[in-house]
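Peer 1: Sequence:
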Amino acid sequence: MTTVRIPADWPTTEARARAVQDELRTRVELREPGPPPGTGRVAGVDVAYDDARDVVVAAAVVLDAASLAVVEEATAVGRVSFPYVPGLLAFRELPTVLAVLERLTVAPGLVVCDGYGRAHPRRFGLASHLGVLTGLPTIGVAKNPFTFAYEEPGARRGSTSPLVDAGAGGEVVGCAVRTRDGVKPVFVSVGHGVNLENAVAHTLHLAPRYRLPESTRRADALCRRALAEATG
DNA sequence: GCGACAG
DNA sequence: ATCTTGTCGC
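Position 108 of the first sequence, counting from 1, maps to 108 under UniProt numbering, and the rest follow consecutively.
The hints are simulated quantities; they were obtained by calculation from the structure and are not laboratory data.
Just so we're clear, the structure is a prediction, and the values are computed from it rather than from any experiment.
It cannot be assumed that every hint is accurate.
[Claimed, not checked] Ranges of calculated distance between the beta carbons of each label pair, as one might list FRET restraints:
(1) T12 / A168: 42 to 48 Å
(2) R27 / K184: 18 to 24 Å
(3) T3 / G158: 39 to 45 Å
(4) S159 / N195: 15 to 21 Å
(5) N195 / E151: 19 to 25 Å
(6) D51 / T147: 19 to 25 Å
(7) E32 / W10: 24 to 30 Å
(8) S159 / T12: 39 to 45 Å
(9) A228 / R31: 40 to 46 Å
(10) D54 / R31: 37 to 43 Å
Beta carbons are placed, not taken as given, at the ideal position from N, Cα and C, and that holds for glycine.
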């Protein structure tokens, strides 16, 4: 299997990476409604690493949004392009994610990322970054609140509460969303081309039974499986 | 300066 | 992210 090439212009230093974020951030679209939840095709993307062997595998799983049935799956193997630095996750994950999306034969109407979009120190997390680079509508669904604060949502599935940046005058950057009764919420933020209200609606539609969206669960399982095979 | 910090 | 078994509960 061929290994993905890291783009020649990919930033090497943290300072340059932050500058790229500040530059691309102006192209993010936050107010568009995006595709109606429950319609069309939705892709979940995720990445697994073996830092010791310098191997990274990305997976993309396309679901029919109405039935949540799998339409297509793809994987791509690459080399680690950047260390994990809070706030710069996109530079570690996106080269391989972009490659795996190019391998899909059906175009998704929405991409669900494992991480943040607008909920980011510079309001440009990996979901927003992926949206700007591909032009695809994207949302971010993360498992942790990062540096942000939130009030505990109601205990029932469907309850939400704002995710706020206390250090920025309490600016709302996303939403804590309870996808299962009594279970820790997930943290949703706008990526690109989908407003927050619809990002939350997509998340709830995609997670009818488990805490995480089916798109994320399937992509996570696939990239782990593929990493095990690629590694041995 | 120190600690916290998506994955 | 990743290292890792059994175990409590619906």
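Peer 1: Now tell me if each hint is right for this structure.
Peer 2: To see whether the hints hold, each was checked on the structure:
no.	hint	in the structure
1	T12 / A168: 42 to 48 Å	29 Å, violated
2	R27 / K184: 18 to 24 Å	33 Å, violated
3	T3 / G158: 39 to 45 Å	43 Å, holds
4	S159 / N195: 15 to 21 Å	19 Å, holds
5	N195 / E151: 19 to 25 Å	21 Å, holds
6	D51 / T147: 19 to 25 Å	24 Å, holds
7	E32 / W10: 24 to 30 Å	28 Å, holds
8	S159 / T12: 39 to 45 Å	43 Å, holds
9	A228 / R31: 40 to 46 Å	42 Å, holds
10	D54 / R31: 37 to 43 Å	40 Å, holds
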